[in-house]
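Turn these sequences into a full structure, and let the hints guide you.
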Amino acid sequence: MRFPPGRKPSLKKRLLLTLLLPLCAILLALGASGAWLVHRVVEAASDRVLSGSLQAVSETLAMEGGYLTFDLPPSALGMLENSDRDNVYYNVSYRGRLITGYPELSVITKAMRLEGIEFRDSTFRGIPIRVASEARLVPQLDSPVIVQVAETTKNRTALANRMLAALGAGELFLLITVATLVFLAIDWGLQPLSVLRKEVEARNRQPDINFAPLPLSLVPQEALPFVSAFNSLLGHVETAVETLRRFTSDASHQLRAPLTVVRTHVELLQRHSDGTPEMRGAVYDISQAVGVLQHLIVQLISLAKAERPSDEAAGNFDLVECAAATARHYASRALTEKMELSFETAFEKLPVSGNPIFAGEMIANLLDNAIRYGRIGGHIIVRIAPERGVLEVEDDGPGVPVKDRERVFERFFRLPHNQDSEGSGLGLSIVQALGRRMAAVIDLQTPAAGQGLKVVIRFRPARA
Amino acid sequence: MRLLIVEDDAALARAVIKVFRDQGLAVDHVPCGRDALEIVELEPYSAMILDLGLPDMDGLLVLKAIRQAHLSVPILILTARDATTDRVSGLDQGADDYLSKPFEVVELEARVRALIRRSQGNPDPVLQLGTLKLDRATGAAYLRDRLLDLTRRERAVLETLAVRVGNVVSKARLNADVFSYSDPVAPNALEVYIARLRRKLEQSDIEIVTVRGLGYLLRVA
Numbered sequence: 002m003r004f005p006p007g008r009k010p011s012l013k014k015r016l017l018l019t020l021l022l023p024l025c026a027i028l029l030a031l032g033a034s035g036a037w038l039v040h041r042v043v044e045a046a047s048d049r050v051l052s053g054s055l056q057a058v059s060e061t062l063a064m065e066g067g068y069l070t071f072d073l074p075p076s077a078l079g080m081l082e083n084s085d086r087d088n089v090y091y092n093v094s095y096r097g098r099l100i101t102g103y104p105e106l107s108v109i110t111k112a113m114r115l116e117g118i119e120f121r122d123s124t125f126r127g128i129p130i131r132v133a134s135e136a137r138l139v140p141q142l143d144s145p146v147i148v149q150v151a152e153t154t155k156n157r158t159a160l161a162n163r164m165l166a167a168l169g170a171g172e173l174f175l176l177i178t179v180a181t182l183v184f185l186a187i188d189w190g191l192q193p194l195s196v197l198r199k200e201v202e203a204r205n206r207q208p209d210i211n212f213a214p215l216p217l218s219l220v221p222q223e224a225l226p227f228v229s230a231f232n233s234l235l236g237h238v239e240t241a242v243e244t245l246r247r248f249t250s251d252a253s254h255q256l257r258a259p260l261t262v263v264r265t266h267v268e269l270l271q272r273h274s275d276g277t278p279e280m281r282g283a284v285y286d287i288s289q290a291v292g293v294l295q296h297l298i299v300q301l302i303s304l305a306k307a308e309r310p311s312d313e314a315a316g317n318f319d320l321v322e323c324a325a326a327t328a329r330h331y332a333s334r335a336l337t338e339k340m341e342l343s344f345e346t347a348f349e350k351l352p353v354s355g356n357p358i359f360a361g362e363m364i365a366n367l368l369d370n371a372i373r374y375g376r377i378g379g380h381i382i383v384r385i386a387p388e389r390g391v392l393e394v395e396d397d398g399p400g401v402p403v404k405d406r407e408r409v410f411e412r413f414f415r416l417p418h419n420q421d422s423e424g425s426g427l428g429l430s431i432v433q434a435l436g437r438r439m440a441a442v443i444d445l446q447t448p449a450a451g452q453g454l455k456v457v458i459r460f461r462p463a464r465a
Numbered sequence: 183m184r185l186l187i188v189e190d191d192a193a194l195a196r197a198v199i200k201v202f203r204d205q206g207l208a209v210d211h212v213p214c215g216r217d218a219l220e221i222v223e224l225e226p227y228s229a230m231i232l233d234l235g236l237p238d239m240d241g242l243l244v245l246k247a248i249r250q251a252h253l254s255v256p257i258l259i260l261t262a263r264d265a266t267t268d269r270v271s272g273l274d275q276g277a278d279d280y281l282s283k284p285f286e287v288v289e290l291e292a293r294v295r296a297l298i299r300r301s302q303g304n305p306d307p308v309l310q311l312g313t314l315k316l317d318r319a320t321g322a323a324y325l326r327d328r329l330l331d332l333t334r335r336e337r338a339v340l341e342t343l344a345v346r347v348g349n350v351v352s353k354a355r356l357n358a359d360v361f362s363y364s365d366p367v368a369p370n371a372l373e374v375y376i377a378r379l380r381r382k383l384e385q386s387d388i389e390i391v392t393v394r395g396l397g398y399l400l401r402v403a
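Chains as they are written, first to last, in my numbering: chain A, 2 to 465; chain B, 183 to 403.
Just so you know, the hints here were simulated from the structure itself, not pulled from any lab data.
Short, incomplete list of chain A residues facing chain B, as computed with Cβ under 8 Å:
1. 254
2. 257
3. 260
4. 264
5. 265
6. 266
7. 269
8. 295
9. 328
10. 332
11. 344
12. 345
13. 346
In this text, all values refer to a predicted model and were calculated from it rather than measured experimentally. Every residue gets a Cβ at the ideal spot worked out from N, C-alpha and C, and that includes glycine.
Structure follows, in structure tokens:
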């Protein structure tokens with residue numbers, strides 16, 4: 002089945018379609034045969050009453066003194082009285098000649114059977130009527146006398162219509178009930194899937210993707226193949242993610258060994274710089290490139306490590322000590338780059354939840370960025386804010402435009418004006434990965450002074 | 183003085199050997215753990231550089247075997263691994279220092295030198311920083327070979343900063359090193375000594391930098 006783009010195939014629509022079309026056909030057939038039956042039943046019942054009246058009249062036919070006589074007993078016509086006030090007409094004829102009664106009731110000229118009553122539909126002054134006729138032999142007469150009684154069909158039509166309406170209403174009720182039940186049944190049947198959906202959504206919010214198979218106990222039998230396939234896909238994804246992580250980590254480790262060789266030899270070459278100026282320049286360029294490469298490899302390993310699930314993040318540590326130690330470590334480098342690094346704290350000790358090595362690495366990456374991308378003479382502040390568990394790293398460098406604040410966390414994303422710097426483009430990815438491990442929230446802001454970047458990290462309070 | 187290098191990467195070994203031969207050390211090199219265990223007992227090494235990723239056995243096992251044999255040679259571990267757990271377990275099992283690859287040659291040199299000094303039980307008493315010379319044995323300080331006129335406390339502050347050159351020293355640490363418990367100390371006493379020291383070091387290549395919120399740092403310009 003193909004669906005126009007943008008429209009999702011609906012289970013309800015399909016089920017309704019497959020269920021309701023045949024149901025409608027059945028109901029139509031049922032309606033048609035019902036209508037026919039109603040018509041027959043109503044006709045039979047009304048005809049019986051009509052024939053009663055006819056017989057009541059024809060019973061009284063007699064010959065008295067050479068004259069044909071009959072009575073119109075009130076009871077005969079009273080039978081035909083009804084709420085719809087049908088009109089009753091009669092006539093009596095002999096040998097095709099009207100003897101008495103309404104001439105508009107056509108006289109029967111053909112020969113009639115002597116026994117039994119014949120019914121026919123006709124019109125009386127344009128109004129549909131039902132006519133009952135009987136041929137009866139009267140003593141002294143050689144031909145039968147034909148008596149006809151007719152009534153208008155208001156009553157029988159009304160009766161048939163009432164029954165048909167009841168039939169139609171019943172069918173409509175059935176149709177609506179089935180449609181409603183289909184809706185309810187689908188909702189009810191799909192309910193276990195919404196439990197699964199909630200389970201998957203809950204996993205999405207966790208810092209580490211949980212690749213454990215979905216519990217099959219919740220799954221309705223019909224959805225079992227789908228969920229099983231999804232579970233096996235989860236397994237594949239887990240393997241792929243793990244392979245990628247291991248590859249990044251292994252590859253980075255493997256890169257380290259040759260890099261160490263290159264770096265050591267280059268440093269030795271620089272030390273014994275007895276070459277031509279060009280050669281010394283080349284050695285300098287190599288050593289710079291090796292520095293960049295080393296930074297990149299160390300960052301890659303760091304990122305791979307940060308993204309590997311582990312319970313190392315469980316625990317408490319003193320944020321003040323951790324931040325101060327990291328800031329101390331970077332103070333010298335900041336001075337070398339002609340920048341000033343300072344540390345402010347609103348607490349003497351501030352226990353928060355997480356791993357001090359992770360937090361130290363986060364702060365180190367932020368300081369590395371601040372120094373790398375900052376300006377000469379710039380200021381960097383590491384601040385333990387008065388708000389509990391909040392650490393800020395603030396600089397007065399070029400900052401990050403608001404539109405790029407999401408993207409700077411992406412791997413290898415670098416701001417256009419930093420393309421020439423020797424950064425790896427991984428620093429903030431590492432910060433984010435480590436933050437996620439400790440359920441810390443990271444926010445990029447513009448400092449109060451209006452220039453630079455303020456990175457705010459909210460750590461979770463220490464666990465008891 | 184004799185140095186043993188245990189490193190399976192021949193190219194790296196060549197570079198490290200050259201570094202320390204240039205320093206005037208006698209350097210031996212073995213490429214695997216078994217050879218290292220054999221040779222370390224035979225020669226009186228002043229220090230040993232041990233790579234953890236050896237082809238025949240884990241470097242940590244070599245380390246363990248050496249310590250079990252009650253050999254006290256100072257050992258610096260060199261490794262491409264950098265997991266914190268590795269660092270801790272290496273130091274726990276009797277390593278004296280730890281350096282991860284890739285390293286700066288200067289740092290390797292400095293650390294090995296420190297190890298050798300420690301093995302001789304005789305840390306070099308003279309500290310030379312640029313034009314500043316500090317003789318910790320006598321307590322005398324020289325700037326461009328001219329004796330600096332320092333009070334006892336100024337000297338203590340200078341020495342504490344000088345041995346950690348390039349690193350931030352916290353005020354708490356300085357206070358603890360300079361003042362004893364019985365000393366009546368004004369809250370800003372340290373600032374006063376730092377100011378005096380700065381005056382005396384003016385026009386030299388030695389600078390005492392205030393790192394706001396963290397402490398002080400001595401650097402050679």
